[in-house]
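Numbering (our numbering), first residue to last: 1 to 361.
Do not rely on the hints blindly, as some may be mistaken.
With beta-carbon atoms standing in for the labels, derived distance ranges [what the hints assert, rightly or not]:
hint	residue 1	residue 2	range
1	GLU206	GLN51	18 to 28 Å
2	GLY124	SER163	12 to 22 Å
3	PRO256	GLU206	47 to 57 Å
4	ARG29	ARG65	40 to 50 Å
5	THR2	SER163	18 to 28 Å
6	PRO273	ALA172	23 to 33 Å
7	ARG295	ARG29	53 to 63 Å
8	ARG334	ARG221	35 to 45 Å
9	LEU324	ARG167	30 to 40 Å
10	ALA91	ARG229	16 to 26 Å
Derived from the structure by calculation, the hints contain no laboratory data.
Backbone N, C-alpha and C fix where the C-beta goes; we use that ideal spot for every residue, glycine too.
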Amino acid sequence: MTLPPARRAALRRRLLAWYDAAARPLPWRFPQHGAEPYRVWLAEAMSQQTQVSRVIASYRRFLARLPTLESLAAAGEEEVLALWSGLGYYARARALRRAAQEALARHGGLPTTVEALRALPGFGPYTAGAVASIAFVRRVPAVDGNVTRVLSRLEAVEGAPESAGARGRVAALAGALVDPRRPGDWNQALMELGATLCVKPVPRCERCPVASLCRARAAGRERELPPARRRPPRRGLTLACALVERGGRLLLARRPARGLFGGLWGPPAAELPPGGSAEAALRGALPDGALAGLRLGAEVARVDRTLTHRDLVLVGYHCKVGRLSSHHDLRWARAKEREELGIPSAMRALLGQVELGPRDG
DNA sequence: AACACGGGGTA
DNA sequence: TACCCAGTGTT
């Protein structure tokens with residue numbers, strides 16, 4: 001349990017030296033940007049449960065359009081969701097925008113302490129620690145999945161990583177190890193090691209700067225620790241989707257703010273229970289009976305997607321609707337407009353299967 | 001504590 | 001197929 005000062009010093013020295021030499025040149029790390037807090041935050045928010053390699057393109061696109069905290073706070077939710085399109089976990093995007101507004105109103109910018117950051121929407125323990133340490137040089141840890149794996153192996157932490165005991169042990173280690181002079185670099189060095197060498201399931205110990213200090217390796221158990229997280233089985237979800245064409249445009253509906261694909265645009269969709277009627281489901285898909293007169297045509301598109309918690313099936317039906325009352329959450333969009341909207345990837349794929357007339361796009 | 005929440009890469 | 005990813009918010 002104890003972390004001797006000599007061991008702590010050796011870990012810091014070796015890992016920081018390795019990081020200085022081996023860190024990947026991520027766009028938010030380029031020196032000309034410095035540790036600009038807004039950019040650090042944006043990168044951290046996008047990286048939640050999302051591999052860094054998949055974040056880079058979205059990060060550049062987002063920053064080009066909303067380069068400052070002020071521009072983000074002033075942007076509409078629709079625009080922010082559109083810039084987030086394809087990244088998933090869209091609640092992150094809405095929280096990002098609200099946090100920008102709150103930070104500006106209450107602090108005149110991003111606050112600089114981990115406690116004040118933690119109070120903003122979308123800032124959990126990890127993101128608050130990451131931004132505080134990287135952007136504001138606060139001596140606080142930032143424990144993500146990488147750090148959990150690295151520290152679990154270094155100290156041979158037993159037990160499921162989601163258990164309270166293991167989490168507490170890792171948190172204590174992370175707090176004790178933070179380098180007081182370079183807290184942000186230290187936290188990033190731990191993450192970098194976990195992302196590039198100390199990977200699951202088979203770590204590349206031969207290149208690891210702290211392999212000789214690793215208790216899991218000493219015991220020959222580096223492949224076993226930490227144990228895999230147990231996940232509940234995925235449940236099936238079938239969504240009937242109404243593909244309604246008019247004058248080369250497709251009818252899109254904005255989804256409710258909560259739940260799957262919250263706040264994004266897509267074809268009007270409704271859960272199709274096993275053996276249920278797609279027509280009945282779609283007629284009730286929108287509030288106010290907006291689609292009460294819908295008539296179902298043939299199935300013309302289908303998409304299967306595996307999400308973390310869902311086996312998702314989208315079934316697209318060609319549909320006719322009667323007159324639509326003007327509705328805040330409805331719009332007709334041609335292909336070009338659809339490119340600019342926040343639409344989940346699965347629904348984009350479904351729309352991509354639909355052949356439209358020559359007036360489209 | 002358990003669950004909801006995207007999407008894609010990897011072995 | 002199963003697991004994981006620079007996690008957070010809700011119940």
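Results for each hint:
1. A beta carbon spacing of about 23 Å between GLU206 and GLN51 agrees with the range 18 to 28 Å that was offered as a hint.
2. Taking the beta carbon of each, GLY124 and SER163 are about 18 Å apart, inside 12 to 22 Å as hinted.
3. At roughly 51 Å, the beta-carbon separation of PRO256 and GLU206 lies within the given 47 to 57 Å, and the hint holds.
4. Our hint of 40 to 50 Å for ARG29 and ARG65 is violated, since their Cβ atoms are close to 21 Å apart.
5. A hinted range of 18 to 28 Å for the beta carbons of THR2 and SER163 is consistent with their spacing of about 21 Å.
6. Hint check: PRO273 to ALA172, Cβ distance near 48 Å, so the stated range 23 to 33 Å is violated.
7. As the Cβ distance of ARG295 to ARG29 is approximately 55 Å, the hint placing it in 53 to 63 Å holds.
8. Remark: the range hint 35 to 45 Å for ARG334 to ARG221 is contradicted by a beta-carbon distance near 58 Å.
9. A hinted range of 30 to 40 Å for the beta carbons of LEU324 and ARG167 is inconsistent with their spacing of about 51 Å.
10. At about 21 Å, the beta-carbon gap between ALA91 and ARG229 stays in the expected band of 16 to 26 Å.
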